[in-house]
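Participant: Listed below, chain by chain, are the residues.
There are 2 protein chains.
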Amino acid sequence: MTETSANQNSEGRVHHRHLEQSREQIIELLSRQALERELVSRTDIQNQDVASQLLDRQHHAQLAQRLASFHPADIAFVLESLAPEAREMAWHLVSAEQRGAVLLEISDAVLPTLVGDMRPDEIVAAIRDLGPDEIADLVAELPDDVAPTVLAGLDRAEQFEVRSALSFPEGSVGAMMDLHYVSVREDATLEAVQRLLRRLKHDLPEENTDIFVVDRSNELRGKLSLEQLVLNEPEQSVNEVMTRAPTFFFTDDPIKDAVAAFEKYDLLSAPVVNLHQQVVGRITVDAVLDEINERAQSESLRQAGLSKEEDLYGPVLQSSRNRWPWLGLNLLTSFGASRVIGVFDNVIVQFTVLATLIPIIASLGGNTGTQTMSLVTRAMALDQLRSSQLRQTFIKEFLVALLNGSLWGAALALMTYAMYGKWEIALVIYGAMILQLLLAAMVGVAIPVVLRRIGRDPVMGSSVLLTATTDAMGFFIFLGLAAIFLL
Amino acid sequence: MTETSANQNSEGRVHHRHLEQSREQIIELLSRQALERELVSRTDIQNQDVASQLLDRQHHAQLAQRLASFHPADIAFVLESLAPEAREMAWHLVSAEQRGAVLLEISDAVLPTLVGDMRPDEIVAAIRDLGPDEIADLVAELPDDVAPTVLAGLDRAEQFEVRSALSFPEGSVGAMMDLHYVSVREDATLEAVQRLLRRLKHDLPEENTDIFVVDRSNELRGKLSLEQLVLNEPEQSVNEVMTRAPTFFFTDDPIKDAVAAFEKYDLLSAPVVNLHQQVVGRITVDAVLDEINERAQSESLRQAGLSKEEDLYGPVLQSSRNRWPWLGLNLLTSFGASRVIGVFDNVIVQFTVLATLIPIIASLGGNTGTQTMSLVTRAMALDQLRSSQLRQTFIKEFLVALLNGSLWGAALALMTYAMYGKWEIALVIYGAMILQLLLAAMVGVAIPVVLRRIGRDPVMGSSVLLTATTDAMGFFIFLGLAAIFLL
Chain A
1 MTETSANQNS
11 EGRVHHRHLE
21 QSREQIIELL
31 SRQALERELV
41 SRTDIQNQDV
51 ASQLLDRQHH
61 AQLAQRLASF
71 HPADIAFVLE
81 SLAPEAREMA
91 WHLVSAEQRG
101 AVLLEISDAV
111 LPTLVGDMRP
121 DEIVAAIRDL
131 GPDEIADLVA
141 ELPDDVAPTV
151 LAGLDRAEQF
161 EVRSALSFPE
171 GSVGAMMDLH
181 YVSVREDATL
191 EAVQRLLRRL
201 KHDLPEENTD
211 IFVVDRSNEL
221 RGKLSLEQLV
231 LNEPEQSVNE
241 VMTRAPTFFF
251 TDDPIKDAVA
261 AFEKYDLLSA
271 PVVNLHQQVV
281 GRITVDAVLD
291 EINERAQSES
301 LRQAGLSKEE
311 DLYGPVLQSS
321 RNRWPWLGLN
331 LLTSFGASRV
341 IGVFDNVIVQ
351 FTVLATLIPI
361 IASLGGNTGT
371 QTMSLVTRAM
381 ALDQLRSSQL
391 RQTFIKEFLV
401 ALLNGSLWGA
411 ALALMTYAMY
421 GKWEIALVIY
431 GAMILQLLLA
441 AMVGVAIPVV
451 LRRIGRDPVM
461 GSSVLLTATT
471 DAMGFFIFLG
481 LAAIFLL
Chain B
1 MTETSANQNS
11 EGRVHHRHLE
21 QSREQIIELL
31 SRQALERELV
41 SRTDIQNQDV
51 ASQLLDRQHH
61 AQLAQRLASF
71 HPADIAFVLE
81 SLAPEAREMA
91 WHLVSAEQRG
101 AVLLEISDAV
111 LPTLVGDMRP
121 DEIVAAIRDL
131 GPDEIADLVA
141 ELPDDVAPTV
151 LAGLDRAEQF
161 EVRSALSFPE
171 GSVGAMMDLH
181 YVSVREDATL
191 EAVQRLLRRL
201 KHDLPEENTD
211 IFVVDRSNEL
221 RGKLSLEQLV
231 LNEPEQSVNE
241 VMTRAPTFFF
251 TDDPIKDAVA
261 AFEKYDLLSA
271 PVVNLHQQVV
281 GRITVDAVLD
291 EINERAQSES
301 LRQAGLSKEE
311 DLYGPVLQSS
321 RNRWPWLGLN
331 LLTSFGASRV
341 IGVFDNVIVQ
351 FTVLATLIPI
361 IASLGGNTGT
371 QTMSLVTRAM
381 ALDQLRSSQL
391 RQTFIKEFLV
401 ALLNGSLWGA
411 ALALMTYAMY
421 GKWEIALVIY
431 GAMILQLLLA
441 AMVGVAIPVV
451 LRRIGRDPVM
461 GSSVLLTATT
471 DAMGFFIFLG
481 LAAIFLL
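Chains as they are written, first to last, in UniProt numbering: chain A, 1 to 487; chain B, 1 to 487.
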């Protein structure tokens with residue numbers, strides 16, 4: 001039970017707010033220490049008397065002790081919240097035993113700043129006690145020049161397991177699974193199972209809520225929950241009380257499917273099998289939780305065209321680069337869109353007021369399209385967009401856009417007439433608004449659908465693509481209508 | 001174990017893909033049936049011979065049987081995927097015993113279409129077997145004119161429990177908690193606990209992974225996991241093996257905190273206490289999973305200004321209305337932004353090419369701001385944005401914008417010069433680009449921070465607010481610079 005190791009208070013309960021407070025405190029302390037250190041190192045080092053050096057060392061020991069009382073996830077949080085110098089200092093305070101667990105919890109953006117200063121043998125020492133699947137997760141994130149050396153530092157059996165864990169493609173159940181599970185035969189009695197568990201006591205997998213039932217060749221036969229074990233008589237056989245048809249996954253199933261199944265059927269763990277239906281690992285609910293959380297956090301980043309997490313305290317150049325690809329694309333598309341206006345500059349010369357109204361059409365198109373796109377992306381994530389429903393969505397979004405375009409277009413036309421007193425221009429903007437909303441809705445459906453069909457992430461950069469299209473379209477529709485009706 | 005009730009196959013295993021296929025099949029079948037029905041009802045009803053009526057009834061019975069073999073979550077999925085007529089027909093096929101569980105799983109957007117046709121006593125019959133917290137969740141979603149009648153239909157004790165569950169504010173742990181839990185005293189032996197569980201066998205809460213340890217006045221003393229129960233000797237007392245400092249929550253803690261704690265400490269369940277530290281309920285990992293999933297799905301909808309889920313097959317008018325508030329706001333803000341251009345129309349009359357270039361500045365500002373905003377929103381969700389970090393983020397985003405503005409601004413200036421051959425205009429757009437990206441980054445940080453500080457959802461409508469601001473700013477900066485340097 002991981003939570004037992006978290007700091008306890010005298011009342012025998014721990015509330016998360018206490019924890020937050022002590023986390024805040026230690027972040028403060030570490031930041032201050034790092035600052036003082038820097039100040040000291042700038043002044044003459046000889047001037048520092050022995051007493052203050054001792055004090056410094058004492059402070060350090062206290063800080064290390066407090067950090068050690070934290071859950072690895074909280075240590076990771078503290079490290080992520082610190083500026084580079086303080087982070088480096090704090091990392092040295094983390095005990096060797098906890099380092100592996102902390103590395104597992106730390107965000108991908110911050111991981112390189114921690115392992116960057118470590119020698120390969122230090123990394124090996126830190127991760128040695130982790131499971132092969134956990135080591136594989138970490139090794140996959142290590143810089144390419146360090147990873148092989150770290151792998152080579154493990155013993156042969158471990159190397160083999162890590163390599164096979166690394167062989168599953170990213171995003172597959174195989175890459176996510178935990179290799180550590182307990183299995184029994186179906187003719188065993190519950191008493192025997194209980195004896196087995198007690199014997200394994202100190203070597204049991206974490207979150208061990210279910211035991212898998214297999215036959216002689218390790219093929220999956222069923223699942224026995226701890227609850228089933230507790231609620232039935234010890235003389236009963238596994239076969240009598242087990243769940244005969246547990247939800248299971250193949251190693252090459254997408255993680256997305258596993259996440260959906262856990263959510264829907266309230267699973268705590270599920271067996272993973274190979275093509276011969278032999279159990280090779282398990283998926284636990286805590287891994288699913290981490291997965292969903294990571295996805296949830298990255299969705300709006302990906303929409304804006306940011307593929308990677310960023311370290312809050314990482315170098316500016318690195319963060320800037322992270323934004324270049326879509327910024328460059330955006331520059332090109334918006335330059336293209338601006339050429340659409342260029343084509344119609346004879347209309348603008350005659351009616352300067354049009355230049356004023358262009359952005360309204362562009363902006364309303366962009367936001368309407370974004371709304372539709374969000375709905376479609378959501379339906380996709382829920383697997384609720386088969387071809388018949390896609391047609392239905394198209395029709396519906398078309399009608400919604402028609403209604404809203406007519407309604408709000410009329411409002412806009414009235415405002416335009418009140419402002420500029422020209423009914424021809426009011427009429428043009430009315431027509432442009434209806435057409436623009438119709439097309440924006442279609443584009444909002446089309447972008448994620450097309451991105452997915454060509455095998456891309458339907459969210460990545462979708463908002464940049466959408467606004468580029470709705471901008472160019474809006475300019476063309478509005479100025480085109482103006483050219484037809486005003487010239 | 002809920003998954004046992006899912007359809008089993010002869011091999012004693014159930015893979016989610018089988019399930020998906022049969023789900024697709026039944027959606028097909030139901031849609032076709034509903035269509036046929038409609039065709040029949042349009043032709044003369046008398047012409048339908050007895051044989052085909054029998055066939056129809058037989059089909060129905062078969063469909064009902066297949067639906068009954070599904071997990072409630074899958075029935076909900078099927079209903080959500082059907083058009084209104086087919087959905088209504090399918091809902092009548094769902095057995096009375098399953099209806100309550102299905103209503104719990106169905107999305108808020110589709111719920112009203114199902115309960116809309118039911119009489120209050122039918123609703124009461126459907127939900128009677130659910131727990132008071134589950135009933136409270138459903139009653140909160142019922143139309144205001146139906147809810148009181150349904151509540152009145154429950155017996156007095158149940159009414160009381162439902163009302164107290166309803167009294168917790170939305171978004172609090174109290175509103176999310178499950179009232180059904182098992183508690184024991186710390187001086188009990190593990191054997192006694194096991195006997196208790198066996199006695200309660202058919203009345204145990206779902207996902208019962210932990211038993212809470214309380215004292216005489218029901219104050220929380222610790223937590224006993226099923227694993228601890230299984231791994232230790234029956235003669236040992238609860239006190240000897242329990243987790244003494246379990247993570248717990250108060251009823252008024254925000255759900256967000258509970259979600260973070262479950263994710264971080266890999267909890268399966270946690271006790272909820274009142275102000276006197278007395279246990280009043282529990283939070284389970286499956287509820288947390290549902291919560292995260294719902295949040296993840298709604299994030300990009302809220303960003304686009306859609307507060308509610310939409311029924312894919314709901315009426316067009318309803319969906320249109322859902323989009324009105326932000327569409328209206330967008331119309332006003334973009335009209336305001338367009339007035340900024342109006343102020344400078346004397347510059348545009350002289351340099352029509354400016355009208356062509358305006359949207360580039362607006363678009364790049366919008367997308368840069370969105371990127372920054374996504375990063376800030378994410379840091380907020382992770383609780384990593386205290387005041388010192390906020391300053392750091394401000395500085396960093398400022399530097400990133402300065403670098404990117406200088407770099408990509410130069411590219412844009414070169415393109416402009418190549419296209420229009422006027423170096424004054426190229427210089428103006430260079431300056432405008434730097435200023436615009438700087439301001440867009442500041443706005444991207446400011447919008448979620450300000451929304452949260454005034455107590456609003458920092459995501460709701462944020463993309464509409466952002467583009468409105470960056471548009472107006474971009475126009476002002478670009479045309480302002482042009483007025484200064486070109487006139």
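No lab work stands behind these hints, which were simulated from the structure alone.
Given the structure is predicted, the values throughout are model-derived calculations rather than measurements.
For glycine and all other residues, C-beta sits at the position ideal for the given N, C-alpha and C.
There could be a bad hint or two in this list.
Only pairs whose alpha carbons sit at most 20 Å apart, straight line, appear in this in silico SDA-like list of lysine to any residue [stated by the list, open to error]: (1) B/256 <-> A/422; (2) A/201 <-> A/105; (3) B/201 <-> A/231; (4) A/422 <-> A/325; (5) A/201 <-> B/201.
Just the calculated beta-carbon pair ranges, DEER-fashion [as the list claims (entries may be wrong)]: (6) A/122 <-> B/183: 38 to 48 Å; (7) B/395 <-> A/61: 27 to 37 Å; (8) B/169 <-> A/345: 38 to 48 Å; (9) B/203 <-> A/294: 49 to 59 Å; (10) A/140 <-> B/487: 37 to 47 Å; (11) A/18 <-> B/69: 45 to 55 Å; (12) B/169 <-> A/215: 29 to 39 Å; (13) A/36 <-> B/455: 47 to 57 Å; (14) B/394 <-> A/157: 24 to 34 Å; (15) B/65 <-> A/427: 56 to 66 Å; (16) A/122 <-> B/202: 47 to 57 Å; (17) A/349 <-> B/424: 41 to 51 Å; (18) A/406 <-> B/395: 25 to 35 Å.
Covered by chain A, per the in silico footprint, the following chain B stretches (three or more residues, Cβ under 8 Å) [as the list claims (entries may be wrong)]: (19) 147-160; (20) 190-204.
Participant: All hints, please: hold or fail.
Facilitator: To see whether the hints hold, each was checked on the structure:
Distance check on the hinted pair: residue 256 of chain B and residue 422 of chain A sit about 53 Å apart at the alpha-carbon level, beyond 20 Å; violated. Among the hinted pairs, residue 201 of chain A with residue 105 of chain A is inconsistent with the structure: their alpha-carbon atoms are about 25 Å apart, more than 20 Å. Proximity of residue 201 of chain B to residue 231 of chain A is assessed by CA-CA distance (about 7 Å); at most 20 Å being required, the pair is judged to hold. Restraint check for residue 422 of chain A and residue 325 of chain A: not satisfied, since their Cα atoms lie roughly 43 Å apart, outside the 20 Å limit.
Restraint check: the Cα-Cα separation between residue 201 of chain A and residue 201 of chain B comes to about 26 Å, which exceeds 20 Å; the hinted pair is violated. Between residue 122 of chain A and residue 183 of chain B the beta carbon distance is about 47 Å. The supplied range of 38 to 48 Å therefore holds. Checked against the hint of 27 to 37 Å, the pair residue 395 of chain B and residue 61 of chain A passes, with Cβ atoms roughly 33 Å apart. Between residue 169 of chain B and residue 345 of chain A the CB atoms are about 57 Å apart, so this pair departs from the stated range of 38 to 48 Å.
At roughly 38 Å, the beta-carbon separation of residue 203 of chain B and residue 294 of chain A lies outside the given 49 to 59 Å, and the hint is violated. Taken as a hint, the range 37 to 47 Å is violated for the pair residue 140 of chain A and residue 487 of chain B, whose Cβ atoms sit roughly 59 Å apart. Here the CB-CB span from residue 18 of chain A to residue 69 of chain B is close to 48 Å, well matched to the stated 45 to 55 Å. Checking the proposed 29 to 39 Å range against residue 169 of chain B and residue 215 of chain A shows it is violated: the Cβ atoms sit about 52 Å from each other.
For residue 36 of chain A and residue 455 of chain B, the Cβ-Cβ distance of about 38 Å falls outside the hinted range of 47 to 57 Å, so the restraint is violated. Taking the beta carbon of each, residue 394 of chain B and residue 157 of chain A are about 51 Å apart, not inside 24 to 34 Å as hinted. As the Cβ distance of residue 65 of chain B to residue 427 of chain A is approximately 60 Å, the hint placing it in 56 to 66 Å holds. Distance hint check: the CB atoms of residue 122 of chain A and residue 202 of chain B are about 55 Å apart, consistent with the given range 47 to 57 Å.
Checking the proposed 41 to 51 Å range against residue 349 of chain A and residue 424 of chain B shows it is violated: the Cβ atoms sit about 19 Å from each other. Checked against the given bound of 25 to 35 Å, the beta carbons of residue 406 of chain A and residue 395 of chain B, roughly 47 Å apart, lie outside it. As drawn, the stretch 147-160 of chain B meets chain A at 0 residues by the rule of a beta-carbon pair under 8 Å; below three, the given contact is violated. Here the stretch 190-204 of chain B counts 5 residues with a CB under 8 Å from a CB of chain A, which clears the bar of 3, and the coverage holds.
Going down the numbered hints, you'll see the structure goes against 1, 2, 4, 5, 8, 9, 10, 12, 13, 14, 17, 18, 19, while the others check out.
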